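Asker: The sequence shown lines up with residues 1 to 373 when you count with full-length UniProt numbering.
No lab work stands behind these hints, which were simulated from the structure alone. Just to be clear, a hint being listed does not mean it is correct.
Said to hold, decoys possible - Label pairs and their calculated CB-CB ranges:
#: 1; residue 1: Phe241; residue 2: Ala80; range: 50 to 60 Å
#: 2; residue 1: Ile266; residue 2: Pro240; range: 37 to 47 Å
#: 3; residue 1: Gly289; residue 2: Leu246; range: 17 to 27 Å
#: 4; residue 1: Ser125; residue 2: Thr181; range: 13 to 23 Å
#: 5; residue 1: Ile324; residue 2: Gly259; range: 17 to 27 Å
#: 6; residue 1: Phe57; residue 2: Glu194; range: 26 to 36 Å
#: 7; residue 1: Ser297; residue 2: Gln71; range: 55 to 65 Å
#: 8; residue 1: Ile324; residue 2: His136; range: 56 to 66 Å
#: 9; residue 1: Gln139; residue 2: Thr181; range: 22 to 32 Å
#: 10; residue 1: Gln139; residue 2: Asn163; range: 38 to 48 Å
#: 11; residue 1: Ser101; residue 2: Glu127; range: 34 to 44 Å
Source: prediction; values computed, not measured. A virtual CB, placed ideally from N, CA and C, is assigned to each residue, including glycine.
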Amino acid sequence: MSLSLRDQLPTEDGITLRRVTSISISEPSSVPWERSPRQSTILLEFSKVQFFIEEDFLYEIESSYTEPLSQDSLESLINAYKQKEKCLIIAVVRSRDTEHSTVIHNFYFHAHLLNKLLFRRKPQSGEIISRYHVEHPIQVNNPMTNLPIIGEVEYFIAKDGANTFRANFIGTDHTFANSETLRHVFESNALKPEDAELNEFSAPITDFTRFLDLDINSLEILTRLVELQRDTLLAQIKVPFTQGFLYGMLMIINFILIGTVITFSIQRFIEAREGSYDDFSFGEMIPYGLLSISSMSLDKLTCKIYRSSESRPIFMAKLLTWAILYGGLGLSFTAQSLGIVYFCTTGLMGYAFFYLLFSICLFFAHGSHKKLT
1 MSLSLRDQLP
11 TEDGITLRRV
21 TSISISEPSS
31 VPWERSPRQS
41 TILLEFSKVQ
51 FFIEEDFLYE
61 IESSYTEPLS
71 QDSLESLINA
81 YKQKEKCLII
91 AVVRSRDTEH
101 STVIHNFYFH
111 AHLLNKLLFR
121 RKPQSGEIIS
131 RYHVEHPIQV
141 NNPMTNLPII
151 GEVEYFIAKD
161 GANTFRANFI
171 GTDHTFANSE
181 TLRHVFESNA
191 LKPEDAELNE
201 FSAPITDFTR
211 FLDLDINSLE
221 ILTRLVELQR
231 DTLLAQIKVP
241 FTQGFLYGML
251 MIINFILIGT
261 VITFSIQRFI
271 EAREGSYDDF
281 SFGEMIPYGL
291 LSISSMSLDK
301 LTCKIYRSSE
311 SRPIFMAKLL
321 TWAILYGGLG
331 LSFTAQSLGI
341 VYFCTTGLMG
351 YAFFYLLFSI
361 CLFFAHGSHK
371 KLT
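Kindly generate the complete structure, drawing on both the sequences and the hints.
Answerer: Listed below in structure tokens is the structure:
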């Protein structure tokens with residue numbers, strides 16, 4: 001097996017990524033180790049998996065490393081493939097740390113399983129769609145972290161060496177998309193023919209169908225990440241005790257005033273329908289005045305807690321509404337008209353009841369509030 005390597009591609013943070021420009025694989029046998037009938041059934045117990053490019057040593061990891069998609073250790077996978085006279089192909093994925101963007105980690109996957117996320121095949125033409133496709137590039141994230149993959153995914157074919165498992169570099173996902181030879185290596189080392197098959201390409205739902213290939217363990221990891229982000233978001237709206245207490249008190253006062261105003265309005269409306277009604281007394285006017293003050297104060301405190309700013313047109317519309325209602329209320333003192341009384345009482349009753357709900361809806365509406373920067 002021989003490889004002709006490749007350009008050195010500088011990227012951000014001073015990291016150098018590798019790209020294979022050509023690959024030549026001699027194939028006297030699909031299994032890159034010599035074995036006798038006796039040796040083929042021996043299970044090896046090596047503690048390390050060492051990674052090489054030709055004869056250059058790169059790094060090593062523990063053979064007990066749990067492969068995320070199958071949930072088996074690399075050691076057990078390598079031995080399982082050896083029993084079938086096949087080779088395990090390991091895919092190395094690089095992604096940034098979830099907390100420190102300058103730190104990059106390696107993740108090691110069962111290559112046949114990962115390829116079902118990395119590639120699609122058009123059903124009619126047989127064309128392979130990958131992350132590098134010109135028209136339909138597949139957006140694939142690291143299944144472990146759901147973060148973007150940095151650079152190319154590297155493939156290493158594993159065999160047993162001197163007191164260790166040896167994984168030799170055979171190409172990248174870019175090579176796989178463009179090299180029939182490398183794809184044949186995957187086919188010849190698949191435990192079952194369907195392991196090397198790629199899912200069909202469907203352009204409208206490509207970004208969603210890739211999650212169907214993840215096993216339940218990987219989905220649980222993604223669920224925990226989503227819950228972590230949700231908890232982080234909820235922590236952003238925590239407020240001091242004094243501010244929260246004031247908000248709760250204003251909310252209670254507002255509901256009491258709403259109940260009082262609705263009660264007075266219903267009573268006034270019934271009296272008007274019966275043809276006998278009296279002017280509002282000063283005591284009845286107080287709840288109406290306090291309701292407008294408490295409602296506007298609650299709006300302002302809500303904006304402060306959620307760190308938002310109410311747009312001026314909405315604020316002016318609220319003031320205008322209160323002015324119209326108070327104008328109608330003032331007319332009821334002098335005008336002997338049931339129509340004005342109906343308008344005033346029903347308007348106050350409805351507006352008082354729905355004001356708080358409208359305020360909440362307007363707060364969450366995109367056009368009513370703008371985020372402070």
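Asker: It remains to establish, for every hint, whether it holds in the given structure.
Answerer: Now the hints, each set against the structure:
Between Phe241 and Ala80 the beta carbon distance is about 59 Å. The supplied range of 50 to 60 Å therefore holds. Checking the proposed 37 to 47 Å range against Ile266 and Pro240 shows it holds: the Cβ atoms sit about 39 Å from each other. Between Gly289 and Leu246 the Cβ separation comes to about 21 Å, which falls inside the hinted range of 17 to 27 Å. About 20 Å separates the C-beta atoms of Ser125 and Thr181, a value consistent with the hinted range of 13 to 23 Å.
Against the hinted window of 17 to 27 Å, the Cβ-Cβ separation of Ile324 and Gly259 comes to about 22 Å, which satisfies the hint. Evaluation of the 26 to 36 Å hint for Phe57 and Glu194 yields a pass: the beta carbon distance comes to about 35 Å. Hint check: Ser297 to Gln71, Cβ distance near 57 Å, so the stated range 55 to 65 Å holds. Ile324 and His136 have their C-beta atoms about 57 Å apart, which keeps the hinted 56 to 66 Å range intact.
Distance hint for Gln139 and Thr181: a CB-CB separation of about 27 Å, consistent with the stated range 22 to 32 Å. Distance hint for Gln139 and Asn163: a CB-CB separation of about 42 Å, consistent with the stated range 38 to 48 Å. Taking 34 to 44 Å as the suggested C-beta distance range, the pair Ser101 and Glu127 conforms, at roughly 35 Å.
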